[in-house]
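J.: Starting from the known structure of chain E, arrange chains L and V on it as the hints suggest.
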Amino acid sequence: MAERVTAHDPRGYPPKVTGKRLASRLDNLERKTVYLVDCLFDNSEVFMEQLRQWFAARLPSVDARIIKPRQSWVDDPDMRARIAADGSAAILGVGL
Amino acid sequence: MAASLEQSGVPTVAVHTQVFARLAKSAALANGMPRMRQAFVPQPVVDRTPDQLRTYIEGIDPISKRPFVQEVIEGLTKPLQQEDLKGVSFERSTPRLLKPDSEENLHRLFVENHWTDFLPITLPTEKRVAEMLKGTSHAPDKIVGQLRPTYFREFWELTVEKVAVNAVMAGARPEYLPVILALAASGITARSSSTTSFATISVINGPIRNELGMNSGIGVMGPYNHANAAIGRAYALLSQNLQGGSVPGETYMGSQGNWYAYSATFAEAEERSPWEPLHVQKGFEPTDSAASVFFGGWYTHAGYGPRATWQDKVRRCLSAAEHYSPPFLVLDPIAARGFVELGFDKKEKLIEWCAKNALLPAREYWDNQHIQTLIHPLAVAGVEPYATRLKAKPDELIEIFEAKQINIVVAGGETQGAWKMISGDLRATVSIDAWR
Amino acid sequence: MAAALELDGVPTVAVHTHVFARLARATALANGMPRMRQSFVPQPVVDRTPDQLRGYIEGADPISKRPFVQEVIEGLTKPLDQEDLQGLSFERTTPRLLEPDSSENLHRLFFENHWTDFLPVVLPTEERVERMLKGTKLPADKVVGRLRPAVFREFWEFTVEKVAVNAVMAGARPEYFPVILALAASGVTARSSSTNSFATISVVNGPIRNEIGMNSGIGVMGPYNHANAAIGRAYSLLSQNLQGGSVPGETYMGSLGNWYAYSAAFAEAEERSPWEPLHVQKGFKPNESAVCVFFGGWYTHAGYGPRATWQEKMRRCLSAVEQYSPPLLVLDPIAACGFAELGFDKKQKLIDWCAENARLPAREYWDNQWIQYLNRPRAVAGVEPYASRLRAKPDDIIQIFEPEEINIVVAGGETQGAWKMISGALRGMASVDAWR
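Chains as they are written, first to last, in numbering that gives the first Met the number 0: chain E, 0 to 95; chain L, 0 to 435; chain V, 0 to 435.
Next up, chain E with everything else stripped away, as it sits in the complex:
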């Protein structure tokens, strides 16, 4: 039997995870305002425009509006407040 060695764990200390609840879902999207959040990643603007056009063609009662945050990767509370005030749902992309 080989000699047993005690070694340290090399990992750091992760923060505690606090569970967060999802928002209640909508019954349907009929006549709702859905914000399409362009995360600013290269070409996501074009993707969101295609998604807007898809809604216009297939679910014309949905008011799909494109919106952009001020910067990539940075939370934009003003934009979120506008979405919460005027919108019913959000689709965010493409990217983190």
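Calculated directly from the structure, the hints in this document are not laboratory data.
Some hints could be false.
To be verified - To be clear about the criterion: a stretch of chain V counts as covered by chain L if any three or more of its residues have a C-beta under 8 angstroms from a C-beta of chain L, and this derived list gives those stretches:
| id | stretch |
| --- | --- |
| 1 | 134-145 |
| 2 | 423-431 |
Claimed, not checked - Listed below are the simulated DSS-like cross-link pairs for lysine-lysine, each with C-alpha atoms no more than 30 angstroms apart in a straight line:
| id | chain 1 | residue 1 | chain 2 | residue 2 |
| --- | --- | --- | --- | --- |
| 3 | E | Lys-15 | V | Lys-141 |
| 4 | V | Lys-64 | E | Lys-19 |
| 5 | L | Lys-77 | L | Lys-64 |
| 6 | E | Lys-31 | V | Lys-77 |
| 7 | V | Lys-345 | V | Lys-281 |
Stated by the list, open to error - A partial selection of chain V residues facing chain L, derived with a Cβ cut-off under 7 angstroms:
| id | residue |
| --- | --- |
| 8 | Ala-228 |
| 9 | Thr-299 |
| 10 | Ala-354 |
Since the structure is predicted, the reported quantities are computational estimates derived from the model, not experimental observations.
All C-beta atoms, glycine included, are put in the ideal place defined by N, C-alpha and C.
T.: Relative to the frame of chain E, chains L and V by itself:
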């Protein structure tokens, strides 16, 4: 050359710059002419004016501290002494095993003797080397090949067992040994002593990639896979130890060094590539496994694409290259498929485009110390394409690479359409199957 | 942002490309929202035409294999089930010590858990970690700092002892420990998860360089010195382990990877430089010791000089860069003295020349995915110099770097007058003396 002149009966003095003193003395010793007459001037000679060089000549030899011209004249005229006449013949050998010692002391010995890259190694115990040797059917004493740090040094010979020793040190597993033996057999050192700080980049093709679990995806050219990491490092360590060292000032003269020299080996993403794999382009069957060694790593240019302005971008990268060292392109599969959509349905077409678009004014092409040292004499002797390049007027744009010097490999994790243009001259493509 | 919107009461679906599926799930879990609604489209979105993107929208989600729009609509409308409502709170801890086991098994455990760079490590035993801790007088439980692989991930915290564990693994000696602690305290990770495959390059200045025998000469940026090698590697290993990992597809997304990520740290050749050392330029005193962390390693351009056509060469290199990442110039003392002879008697003068001569047509500047993603929003918001660059006509030639973004370091063995232009934004600076 100085030794050959002496043998032809011509008394000779070799002049070097001072940083090469240790290297020049040890090269003379290995040549069996330890008392070869050498005189030294300050570094650098490159880029100095005639006046500055005149002062070197009229000044002091920085090694002997005596007047340079006196060193030269005495070197040619002072009678030989008893010791000079002897010459020195000797056998050098390295033992098979080291004296047994504690692990700690052995680790220290390996570091002190410059047998490592200064990162921790696995000690090559008899048991581990025996285990490693199970990775090949070849006998431990079979000669694998020979290596040297540069063309003016002598070749050292290497056996399967010596390669296994270095493979253990690098942390390799026995199943990697055929790849490591193939790299050792390529005849190309991963530890060139060139002042240019070259490294090698090795590309693995064929079924062995998947047998060993090599990485051709996310992080392909980085520390994210055991086989990639250990094979690249084994090649680096075996090069330095089996060629007679890679010690700064003696067997290594790279002015700035190269971090690629730790470990730089990866597998081509054959399954996700729209093009023929590299080894098939070089004459192997798709079912063969082969290793290709690129000598370079001097520059690494980066881009994405192909985007709207891709032609400008690739031209800028090509013309910014150190043009003594041709580029090989590593394209993420996303970028490779993008080029196919543009009509480059074969690697050769993109290679042709690169060769046609790698342009420089002749003035800039020739104003490069490697081109002056290594290419200019060939041009003067009439060797093409260099002679034509020399005939061009200073402002004329000339093609600086030939298509046959450029290579393309597909690899990457498809998280973005990136490409790299890496300095790398394909020096060998060798069979791995021969070493199983 | 998707989690914040849910907390605002807005039902949200986040759309990613399929290669980010594992990362997106792991991020949602760490956000306490493991059931966040996510839909996926094929990779890439970049460089695809509107029609191709429309095809993604009308096609199948490559992860769920169901129609993409159905995923999106159900994500917004399908009622939450019991599990969704629960949320998920949990403590994550990492133990101080591992279960005792044989060396062989522990080495295997470290590989299997992605705690290494796949090269051999020194096992961090209690005795070795204790010895490493003698390299600083700071207590083992002192918090050194926090690191994360990307801006959208959570920070992990770590202590002096945890840094010591990783320093042991890298093969460092106790006397290197203050430098390693300073790097850990810089707040910059050497294991960014960016798809760009960034690495860090660390430059050490001040008396500590000579105290621990760091290399600033031959082979300075390569495997030729114990302190350089071990410090660079320790910074890499501690980054991956103390930030919560660097695992392909999860905490590492670099498409091509970067060999500089094994180890890239070196000392400036202050004694042989004609200019002020880097740390003094940044506000430290000459007799203080400091580290500077450059985030980049995306491109490495190479040259010599200054020769007759040095301006053309330098301009070619400056315009072939990836323009999101500014250059760090590393000049061999021969090259630095050459520039000083041309009148660049301060680093700043050469930096200003580079900023002035780093130019691209606006069309090419803006046709870059990182410039689009990260600089364009700033330009639109009126932030200078980006706003002016955006106002330029497509064929206008614009300056692509500010002098403040460019840095110069002198290092090399004077065997040739080489220079490198390495992608590297100065992201962190830290006192080494504070960690002695």
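J.: State for each hint whether it applies.
T.: Outcome of the hint check:
1. 134-145: violated (count 0)
2. 423-431: violated (count 0)
3. E:Lys-15 x V:Lys-141: holds, 19 angstroms
4. V:Lys-64 x E:Lys-19: Judged against 30 angstroms, a Cα distance of about 28 angstroms means the pair holds.
5. L:Lys-77 x L:Lys-64: holds, 18 angstroms
6. E:Lys-31 x V:Lys-77: Roughly 15 angstroms separates the two Cα atoms, so the pair holds.
7. V:Lys-345 x V:Lys-281: Holds - the C-alpha atoms of V:Lys-281 and V:Lys-345 are around 14 angstroms apart, at most 30 angstroms.
8. Ala-228: It holds, given that the least Cβ distance between V:Ala-228 and chain L is near 4 angstroms, below 7 angstroms.
9. Thr-299: holds, 5 angstroms
10. Ala-354: This interface hint is violated because 18 angstroms lies over the 7 angstroms limit.
This entry does not satisfy hints 1, 2 and 10, going by the numbered hints stated previously.
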